[in-house]
Amino acid sequence: MSIHTIKYPATEGQYPRPASSDAPPSVWLLTIDRPDRRNALDVAHCDELRRAIEAAVAGGARCLVLTGTGSAFCSGADLGGVYGDAFRESLYGMLGALASAPIPTIAAVNGPAIGAGTQLAIAADLRICASTARFGVPTAKLGLAVDFWTVRRLSLLAGGGATRALLLACEELDIDAAERAGLVQRRGELTDALEWARYLAGLAPLTHAYNKLALEAAFESDVAGLATVAAFEACWASEDFAEGRAASAERRPPNFTGR
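The numbering of the sequence shown is the numbering used here, which starts it at -13 and goes up by one.
Hints are computed from structural coordinates only; laboratory data are not their basis. A few of these clues could be false.
What the hints assert, rightly or not - Restraint-style ranges between C-beta atoms, simulated for each label pair:
{"hint": "1", "residue 1": "75", "residue 2": "118", "range": "44 to 50 Å"}
{"hint": "2", "residue 1": "22", "residue 2": "168", "range": "22 to 28 Å"}
{"hint": "3", "residue 1": "196", "residue 2": "160", "range": "33 to 39 Å"}
{"hint": "4", "residue 1": "237", "residue 2": "142", "range": "32 to 38 Å"}
{"hint": "5", "residue 1": "142", "residue 2": "189", "range": "36 to 42 Å"}
{"hint": "6", "residue 1": "177", "residue 2": "70", "range": "36 to 42 Å"}
{"hint": "7", "residue 1": "243", "residue 2": "157", "range": "45 to 51 Å"}
Backbone N, C-alpha and C define an ideal beta-carbon position, used for all residues, glycine too.
Please work from the sequences and hints to get the whole structure.
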């Protein structure tokens, strides 16, 4: 398995520690463990992560923490994988499961969160980041696109200016810039995230479930104009997308033609 799951009891004391037999596992830690690929996501790992999120909710988790192994949180989509409808369905199914979970979710961003890594971080409710954290959505360098849900969510979390810099200029936000934009709630390491999760897990779960529903209802919209949807699909079907992938694999600048 490349998604590791650890359960902790939400009791007072130092974190992390193994769950005891007499305390329910209230905090679940999910770790993406692909350090050789800098925790990049493909279809299998998106599906595995979605199942782990669903298992945490079904298993009575009161808070969920998500992080990565090694020096990266998630470097994005695995460019060596197969792109297309299957990958997009798996990716957005996983992001939807994280965003709609009726419990607080924390992204412990331990390093770069690029592309799908930024999407994963913003699908969580809260972000606690190490000093090495940075965010980027370099889709214009690859000729592909993120969906309307991602653009809207990112602009509401980080603001229009930062989102335009990420999407149009392919700039990256380091922790200072991300904190100024409101994308980062706290600075800290995984132990800090687990301690925060322990506190959140002790709060009223029904109130959390309501607050999540209300926030998502006020925060999100799945409605995008037909022109927006068509433009999104055109990016994924374009020659430029194929050129972007080839240029990345061959370590050369892409030659985009707008076709």
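Hints violated by the structure (numbers, ascending): 1, 2, 5, 7
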